[in-house]
Amino acid sequence: MVRGNKRFVRLILTATLVLGLLPLPAYGQTVAQGGEAPAGETAAPASVDFVYLDEEAPVAGQSQLVVVAFGEQSANFHSAVLDVACPDGSQLAVASDSQAEGAALFTLDDLQEGGYRLLGVTTLASDGSELEETSLASDESGSCSFTVGAPSAGALSLEAATAQDAVTYVLDDAGDVATVSSTLDYGTDDISRAVEEAVWAASSADPARSSGIAAFSAGDAASSRAATDSRDIIIAIDPGHGGGDPGAVSSGLREADLTWEIAQACVARLNELGIKTYVTRAKNECPSLTDRVLRSVKAGASAFVSIHLNSATSSAAQGAEVWYPNDSSYRYDLHEQGLELSKAILKKLTALGLYDRGAKVKDATAVGDDPAETYPDGSISDYYTVINEARRNNIVGIIVEHCFITNNAEALKLRDPAFVKSLGVADAEGIAQSISNGVISPALPKPGENDGSNPVNQWEQRGSSWYRFGPDGKLVVGWADIDGVRYHFDEAGVMATDWQLIDGSWYYFKGSGAMATGWMWVKGKCYYLDPSTGKMATGSCVVGGVRYALDAAGAWIDASDGWAYSSGGWYWLDDGELAKGWKKVGGTWYYLDAETGLMAEGWKKVGSAWYYLNPGGDMAEGWKKLGSTWYYLNPGSGAMAEGWKQVSGTWYYLNPGSGSMAEGWKKLGSAWYYLNPGGGDMAEGWKKVNGAWYYLNPGSGAMAEGWKKVGSAWYYLNPGGGSMAEGWKKLGSAWYYLNPGGGDMAEGWLRVSDKWYLMGYSGDGAMKTGWQKVGDTWYLMGGPDDGAMKTGWQKMNGKWYYLGESHDGAMATGWRKIGGTWYLFGGSGDGAMRTGWQYVGGLWYYLSASGAMVTGSQTINGVVRNFGENGACLNPPAEPALEPLPGETQDPVPSEKLLTIMGAPESTVAQMTQAYMRTNAVYPAAALGKGGAPTIKDFCQIIYDEAVAEGVRPEVVYCQVMHETGNLKFGGDVKIEQFNFAGIGATGGGASGNSFKDVRTGIRAQVQHLKCYASSEPLNQACVDPRWWDALRSTAVYVQHLGIQENPNTVRNEDGTIKTGRGWATAKNYGYTLANSIKLYFGVE
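For the sequence shown, position 537 matches number 537 in our numbering, and the numbering has no gaps at all.
Calculated directly from the structure, the hints in this document are not laboratory data.
Backbone N, C-alpha and C define an ideal beta-carbon position, used for all residues, glycine too.
Among the hints, erroneous ones may be present.
Unchecked claim - With a cut-off of at most 25 Å between alpha-carbon atoms, the simulated SDA-like pairs for lysine to any residue come out as follows:
#1 K997 x H963
#2 K624 x G643
#3 K667 x A725
#4 K969 x Q911
#5 K768 x G685
#6 K421 x A248
#7 K666 x A609
#8 K583 x A609
#9 K510 x H488
#10 K347 x A93
#11 K997 x K897
#12 K768 x W714
#13 K510 x V542
#14 K535 x K583
#15 K667 x G685
#16 K580 x T629
#17 K580 x A620
#18 K625 x G569
#19 K535 x W519
#20 K276 x S422
#21 K930 x T965
#22 K605 x G657
#23 K687 x G706
#24 K584 x E595
#25 K790 x N739
#26 K755 x L738
#27 K298 x A316
#28 K510 x D327
#29 K283 x D327
#30 K667 x V710
Stated by the list, open to error - Label-pair restraints from in silico Cβ distances:
#31 D109 x S315: 30 to 40 Å
#32 S315 x S992: 46 to 56 Å
#33 R547 x G649: 51 to 61 Å
#34 G368 x K997: 52 to 62 Å
#35 P677 x T365: 30 to 40 Å
#36 P677 x G721: 17 to 27 Å
#37 T365 x G586: 44 to 54 Å
#38 A927 x Q1045: 28 to 38 Å
#39 K897 x D785: 52 to 62 Å
#40 A734 x N861: 48 to 58 Å
Working from the sequences, and respecting the hints, build out all of it.
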């Protein structure tokens, strides 16, 4: 039997549910029913009213729909499980697809040839526990069984559907069962039309007669409202990506190419089945996602199917998945259609051996500070653009991710054209099945649109939603009076049912969509709906001269005085009238809503003040903790306190607006305050917060900033932050020291890090610089940014002074023996070291140019003078003060210390690496990686190994490399790819010098050239230095002598120009520059 339009089958199913307990013989209707069994039938168990089978003679591969309706005593359940015996002897436990009004729908898929028998049904609670188990096995008549035959030729072809065998039953005007047809000889479209017309005739075209039609479940209830529809079903096939967008690319496969081939196969199969299609793009085109949908809408598409292939970072990801519209209330029927269509396609794809990843939805997400996008009714939008845009244009949109192009096994299959074609065919057959089952219908137009093909004055159902075409062929939106009944349709055209909030008022719409008026019982509560407008009344209403009290939800309150409970809330009635506003009951205050009379609980704003009504409604006073937050409700009035509040002598701050008690730091105006966490009380005096100290002024609590005297000590609180300063602090041009731990300002002598400083006294505290007199002693302090006390020899303004030992610092005066030598210094007002002849205590002394007192025989200005052991001259000149003054004195500094090139290493690879990192230079990994040194650590390791191999100091090699290359930036005549790191052979004038095969060879040549200059020892490795010359051996033993101008072996002409140079480079102070770098980076000198 060819399966025709499922709208026809579901119409029968719906009619059955409407009929309730009426006996229906044959197939396509009830086959077992509770109560008294008709002649020739077997009654179902007492808890089951009837069992319905969709197909009388299904064929293998088809599906069978089964409905089980339960009696009133068993109707309250969450889901159900049907036990079925299969032809092969196995048993199935089939979960219900959906359930409503005491009935459950089951689907038996992929039927096998042979007999099936329904064994029993079990109802379940929401937690999965069993409620009731009912056996169906006692049915000996066979009405709870069916036989599946072999499939006939062309069973999958929609065009082949020319007949439909079924019995259709409806209610006539008298409420009796009427037969429309027992054997209909119509095509697919005619079947639906004939049945629909018959139902309309039976119900006298009165929508209210069909109020039970939508009672079963979303997507399963068909309608007697449906009428003739001449619009075509067109499927939009969207090959993903294309043009300049290849999509996912992996293993030589391009998603855009494959989606095109899949789409072509899908279109070809759909066209074979007589289904019209529209392809959204050309082969080498890539329209925007929105354009693809709009093109499809313009083409009249009923569904939009976007073809894609998946990708993932993990090659293990596999299988097929389909994305469909989410469950937002906007056009909810498209969510239902999308799910069914997705499941149908997934079933076909997984039949090809693909793993089933499921049908999925994804909501729109927030982007930055922008909230997630919503549909016109405020419900959350879909994440994917094509699904979102299709929904906004009233068609269902899905995305089919067939398999993973990044999975090796699936990628191998995608290389097979036959497999790619099978994907498209599977899509097509899933789509065709959805059309056959009534899941996909002709596209609904947008409200306000009519291209001339729309029906007029006609109802149309999509899933669980109803729509109405008006006399102009456009979808009705808003209020509408149809055949004397008032309806409401939302902005998408969906007919309202149940309670609806419209323009601030509540209305109730029956299952038929008809607006209710007058008294209405809904779920055990009675409501009054205005007879003329339908608006639900609240508070109270007068009906027939009698006043009725209504709660905040509109439900009638059946009480006359005192407290009354209704719709989950409490009310107070005085002689049947609802009390409103503040009400004092038994010494306790309550607040009853000014309009509805509902007793308030929680926060309530009355006038300009906020109040808190405890659970139970009594007004809160004093401190109140809600969650983790404290509030203060003024005693007596109950009004929530805001701003500063003194409670029992302690100040608190309640945040304006929210009233929440502030804790931690709080800025008010230009001042900061600290409210103790946990208690909220305002802090005063010293306060330690997160390891830092702050001072909050007593009385006001405002955080102190800048200088603050507390007791006899001064403190500095950092402006802006208020934290107590510790250690050195520069303010303006002066330095201050705040003792660590205490923060008090230091005064007088201060020792920090083994250095002495002099800070101002008597509240000054500023660090002193230059000459400072303390008592009768002079001290020399450092400059503005140092200030440390100077010691030992110090030269100031061309004069030498001696300032004691390391921790003395006192300026020496008079005679002073230093290191076994006597010196003479000026008095307390001078202190400068004396030289030459000095007359002291009636004796003449002579101080050499270095200041040292001479003894013994000395030739001074050509005259031999004799001095005693005490330094006094035994034969002084008659007028020594008139003798020529001695020449310029020499600084008492040690002679220069030179650094040898050869020697044991005094640096490590790690130190060299760190030295490079300190330069903030970017290591040229790409260029030097080609030479065997992909990282700076590798580079430094090569330097170290090559230097040590020849006995050269690694730090010398490193600093020369960085000097010559500008920290490996190069940029001069020598290029980085030459691996020449010391300019070997680059003699100027654009000469690029020598090139080496890799980094190690270049460094080895440099090391060998340094050894050539610094040593006479033979090389330890084969010579790669292209400029090795025996004449250079041992001509620059020291780093400082690598500069030709400073090398003592350089031969000069009479005019001072260089005749024969010895050394590495001609640049002035070249060797000294290298020596300074070595000292700076490695502390070697």
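To see whether the hints hold, each was checked on the structure:
Annotation: proposed proximity of K997 to H963 holds, straight-line Cα distance about 22 Å (limit 25 Å). At roughly 16 Å between alpha-carbon atoms, K624 and G643 fall within 25 Å of each other, so this suggested pair holds. A threshold of 25 Å between alpha carbons decides the hint, and for K667 with A725 the separation of about 21 Å falls inside it, so the pair holds. For the given pair, K969 sits about 20 Å from Q911 by alpha-carbon distance, which is consistent with the 25 Å threshold.
With a C-alpha separation of about 32 Å, the suggested pair K768 and G685 falls outside the 25 Å cut-off, and the hint is violated. For the hint pairing K421 with A248, the CA-to-CA distance comes to about 19 Å; that is within 25 Å, so the pair holds. At roughly 23 Å between alpha-carbon atoms, K666 and A609 fall within 25 Å of each other, so this suggested pair holds. Taking the CA atoms of K583 and A609, the gap is about 17 Å. The hint holds against a cut of 25 Å.
This hinted pair checks out: K510 and H488 have alpha carbons roughly 11 Å apart, not beyond 25 Å. Distance hint between K347 and A93 is fulfilled; the C-alpha atoms sit about 19 Å from each other, no more than 25 Å. The hinted pair formed by K997 and K897 fails the criterion: a straight-line CA distance of about 38 Å is larger than 25 Å. Distance check on the hinted pair: K768 and W714 sit about 18 Å apart at the alpha-carbon level, within 25 Å; holds.
Only pairs whose Cα atoms come within 25 Å are accepted, and K510 paired with V542 is accepted, the gap being roughly 24 Å. With a C-alpha separation of about 29 Å, the suggested pair K535 and K583 falls outside the 25 Å cut-off, and the hint is violated. Under the criterion of a C-alpha separation no larger than 25 Å, the hint pairing K667 with G685 is consistent with the structure, at around 17 Å. Proximity of K580 to T629 is assessed by CA-CA distance (about 30 Å); at most 25 Å being required, the pair is judged violated.
Only pairs whose Cα atoms come within 25 Å are accepted, and K580 paired with A620 is accepted, the gap being roughly 19 Å. Taking the CA atoms of K625 and G569, the gap is about 24 Å. The hint holds against a cut of 25 Å. Simply put, K535 and W519 have alpha-carbon atoms about 11 Å apart, close enough for the 25 Å limit, and the pair holds. A hinted pair counts as satisfied when its Cα atoms are at most 25 Å apart, and K276 with S422 qualifies at roughly 20 Å.
For the suggested pair K930 and T965, the alpha carbons sit about 18 Å apart, so the restraint of at most 25 Å is met. For the given pair, K605 sits about 11 Å from G657 by alpha-carbon distance, which is consistent with the 25 Å threshold. Of the supplied pair hints, the one linking K687 and G706 holds, its CA atoms being roughly 16 Å apart against a limit of 25 Å. Restraint check: the Cα-Cα separation between K584 and E595 comes to about 18 Å, which is no more than 25 Å; the hinted pair holds.
The straight-line distance between the Cα atoms of K790 and N739 is roughly 22 Å, inside the 25 Å bound, and the hint therefore holds. With a C-alpha separation of about 16 Å, the suggested pairing of K755 with L738 holds against the 25 Å cut-off. Pair hint K298 plus A316 does not hold up; C-alpha atoms about 41 Å apart against a cutoff of 25 Å. Proposed proximity of K510 and D327 is supported: the alpha carbons are some 23 Å apart, at most 25 Å.
The straight-line distance between the Cα atoms of K283 and D327 is roughly 34 Å, outside the 25 Å bound, and the hint therefore fails. This hinted pair checks out: K667 and V710 have alpha carbons roughly 23 Å apart, not beyond 25 Å. Taking 30 to 40 Å as the suggested C-beta distance range, the pair D109 and S315 conforms, at roughly 33 Å. For the pair S315 and S992, the supplied restraint of 46 to 56 Å holds, since their beta-carbon distance comes to about 48 Å.
Remark: the range hint 51 to 61 Å for R547 to G649 is upheld by a beta-carbon distance near 54 Å. For G368 and K997, the hinted distance range of 52 to 62 Å is satisfied, since their beta carbons lie about 54 Å from each other. Checking the proposed 30 to 40 Å range against P677 and T365 shows it holds: the Cβ atoms sit about 35 Å from each other. Our hint of 17 to 27 Å for P677 and G721 holds, since their Cβ atoms are close to 19 Å apart.
In this structure the supplied range 44 to 54 Å holds for T365 paired with G586, their Cβ-Cβ distance being about 52 Å. A C-beta distance of roughly 33 Å is found between A927 and Q1045, which places it inside the suggested range of 28 to 38 Å. Taken as a hint, the range 52 to 62 Å is violated for the pair K897 and D785, whose Cβ atoms sit roughly 29 Å apart. Checking the proposed 48 to 58 Å range against A734 and N861 shows it holds: the Cβ atoms sit about 51 Å from each other.
Hints 5, 11, 14, 16, 27, 29, 39 from the list above are not met by this structure, while the remaining hints are.
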